[in-house]
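Respectively, the protein sequence lines represent chains A and B.
Quick note on the numbering used here: the first sequence kicks off at 1 and runs consecutively.
Quick note on the numbering used here: the second sequence kicks off at 220 and runs consecutively.
Since the hints were made in silico from the structure, they are not lab data.
Treat the hints loosely; a few may be bogus.
If you want the ones that stay clear, here's a sample from chain A, every Cβ over 10 Å from chain B, calculated [what the hints assert, rightly or not]:
1. S19
2. D29
3. I40
4. E91
5. Q176
Dumping the calculated DSSO-like pairs for lysine-lysine here, alpha-carbon to alpha-carbon at most 30 Å [what the hints assert, rightly or not]:
6. A:K137 to A:K151
7. B:K242 to B:K358
8. B:K400 to A:K139
9. B:K374 to B:K358
10. B:K400 to A:K114
11. B:K374 to A:K139
12. A:K200 to A:K139
13. A:K174 to A:K151
14. A:K174 to A:K137
Quick reminder that beta carbons are idealized off the backbone N, C-alpha and C, glycines included.
The chain contents come next:
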Amino acid sequence: MQAEIRYRPSFATVFVELSGQDRIVAEADAMASMSTNLGIDTHLSRSFFSALGKKFFGGESLFVNEFYVESGQQGELVLTQNTPGDIVAIELNGGGICLQPGAFIACTSGIELKTQWAGFKSMIAREGLFKLYLCGKGKVWFGAYGGVVEKQVQGEYLVDTGHLVGYEPQLQLKLQMAGGVFSSLFSGEGLLSRLQGNGKIYLQTRCLQGLASWVNPRF
Amino acid sequence: MQIEIINSPGNAAAKVVLDGGEKLVAESGGMIAMSADVSVVTSSKTKGGGGFMKGIKRMLTGESFFLNTFTAPSQGGEVYLAPGLVGDMVIYELDGSRELIAQGTSFVGSGEDVELDSNWQGWKSAMFSGESMFWLHCKGSGPIILNSFGGIYEKEVDGSYIVDTGHIVAFETSLRFDVQKAGRSWFSALAGGEGLVCRFEGRGRLFCQTHNANNFGWSLSPMLRPRN
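Isolated chain B, as found in the complex:
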């Protein structure tokens, strides 16, 4: 499987070239074009079993209930994937030695040997991290395609690092995070508008998005008129 990210960072899409018989798992609605003889199977199952309950759990991460599995014919084929909003995409390669936790809405697609599960990161994270209640836990091996609203920048964390809520795309499980107030005092956290932030500890790769779709929505919403 070869994946190429095109039109990055403004309007990124992933061009996935599959060898004969190779499979690609993608979020439903993510496919924008493909070779005519690639077959599609829609299911709530992923590698590692599960079915209905896994689909329900995946919905709680902000991801779709169903996933599509694209299978290339013997001569190979290609599939283009793209998210709904403008923004960037990155490829993360799982090699079995590391695991990745992604924000549910960041997931676009993955290789067939990537196991997807939802992960509870604790009450504090669910309530205050500015992300979904559950996170997508990716295990196994193969590539994962992630998207963001805005550019994606990577941070090699060694020690600690702070990310504003709503700017996390994904992180390796060797990193732990806690939600805390920005600055030293509650005054600073609340009046300064930064409020709560996520503090990562440990050693590993962290992916952040430069922009935050919710903030953009809040800027626009005062100009929108109420729905009739």
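Next up, chain A with everything else stripped away, as it sits in the complex:
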């Protein structure tokens, strides 16, 4: 399998060449175009309840599409996301990554998609009751609205919840207010995520909520 991300960072799109036994699992509706010799298998993204959790609380679809080519053939697959912005490709080697709702685009078939309980606070922060957890061996692609900032956290770090796209699972995530009651209400920062431990995080430089709150008063 050969994959390349083009049109970065404003309209990042994944161009994949599939051959032989390659299989790629993609979020529903991620396909922009493809060769006609590709097959599509649609299935629940894992066990039924986990998939249901993913749909209603993790912000992703209930189903995923698995793309493959007949052996001996080659085919092209173009995968994209709904928002303009950058896409990150990471290699998992037995480790995992937690993704915020809507960030997942695709992974190779050796990766397992799971939903994990994220806590009630997470729902208050409009992030959903469950979070998407990917682990195994292979490649994962996820997208952001805006550019992506990659940051190695050591100890503690604070991020605005709407700008957090993904983080390594060894990090503990706690939601908190931006300061006292006054600054939480008036600083415009709202809820923050406090990340504790050592691991990598991915931030998006814009968030949809920010665009919505700019558009709303203009209606």
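Based on the hints, put chain B in the right spot on chain A.
Only chain B this time, still in chain A's reference frame:
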């Protein structure tokens, strides 16, 4: 006429340099700047005649009723064109031997010898292709400037190729397309979220956009509050 696409792919604009007396046809509202002595005529007419009815038909493609024709003075001039949304632009050159079908909202401008007409692609396309009811049929010779929401990638189709609805920018008339379900079963098409796709057959150039403005709108709309 020399056309240069600048700021591609994020916020593309077209810089068009016209020789003396040369004409540029553009979608109304597309001009962002021009030399002071370039003259503008607004009309529903294009090369190849037509007038009112052609304007109406053009509206059905999602394009504007009126087109602006920019004419350079004897010493030449320049015009900058840009679409309303963020995204990429490409130039397609018609040489008389080929014709192009473009999604109506993709059209930004063209040379004066390009004939623009709306084209009915059949009921299936009108209902399910995720594009407008009518498509813009470009004939004649000269350059056409197209825009998209997202980057534009070109595919030389030889045989067949599948494009998701809402990702088509333009294609040569040597290609035919049909709307069909994604995958083998209806379950796959509906549950998998891909639904219907456009299957192109033949040999020719196909332009696709990496993103889909409607999908972006659907992502944003749950956060928008109802209009009072």
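Results for each hint:
1. Its beta-carbon lying about 17 Å from the closest one in chain B, A:S19 satisfies the requirement of being farther than 10 Å from that chain.
2. The Cβ of A:D29 does not lie farther than 10 Å from every Cβ of chain B; its closest approach is about 4 Å, which violates its non-interface assignment.
3. Non-interface call for A:I40 relative to chain B: violated, since the shortest CB-CB distance, roughly 4 Å, does not exceed 10 Å.
4. With a least beta-carbon separation of about 23 Å from chain B, A:E91 lies farther than 10 Å from that chain, consistent with its non-interface assignment.
5. With a least beta-carbon separation of about 23 Å from chain B, A:Q176 lies farther than 10 Å from that chain, consistent with its non-interface assignment.
6. A distance of roughly 22 Å separates the Cα atoms of A:K137 and A:K151; the hinted pair therefore holds under the 30 Å criterion.
7. A C-alpha spacing of about 17 Å is found between B:K242 and B:K358, which places the hinted pair at or below 30 Å, so the restraint holds.
8. Proposed proximity of B:K400 and A:K139 is supported: the alpha carbons are some 28 Å apart, at most 30 Å.
9. Pair hint B:K374 plus B:K358 holds up; C-alpha atoms about 21 Å apart against a cutoff of 30 Å.
10. For the hint pairing B:K400 with A:K114, the CA-to-CA distance comes to about 29 Å; that is within 30 Å, so the pair holds.
11. At roughly 26 Å between alpha-carbon atoms, B:K374 and A:K139 fall within 30 Å of each other, so this suggested pair holds.
12. With a C-alpha separation of about 16 Å, the suggested pairing of A:K200 with A:K139 holds against the 30 Å cut-off.
13. A hinted pair counts as satisfied when its Cα atoms are at most 30 Å apart, and A:K174 with A:K151 qualifies at roughly 18 Å.
14. Among the hinted pairs, A:K174 with A:K137 is consistent with the structure: their alpha-carbon atoms are about 28 Å apart, no more than 30 Å.
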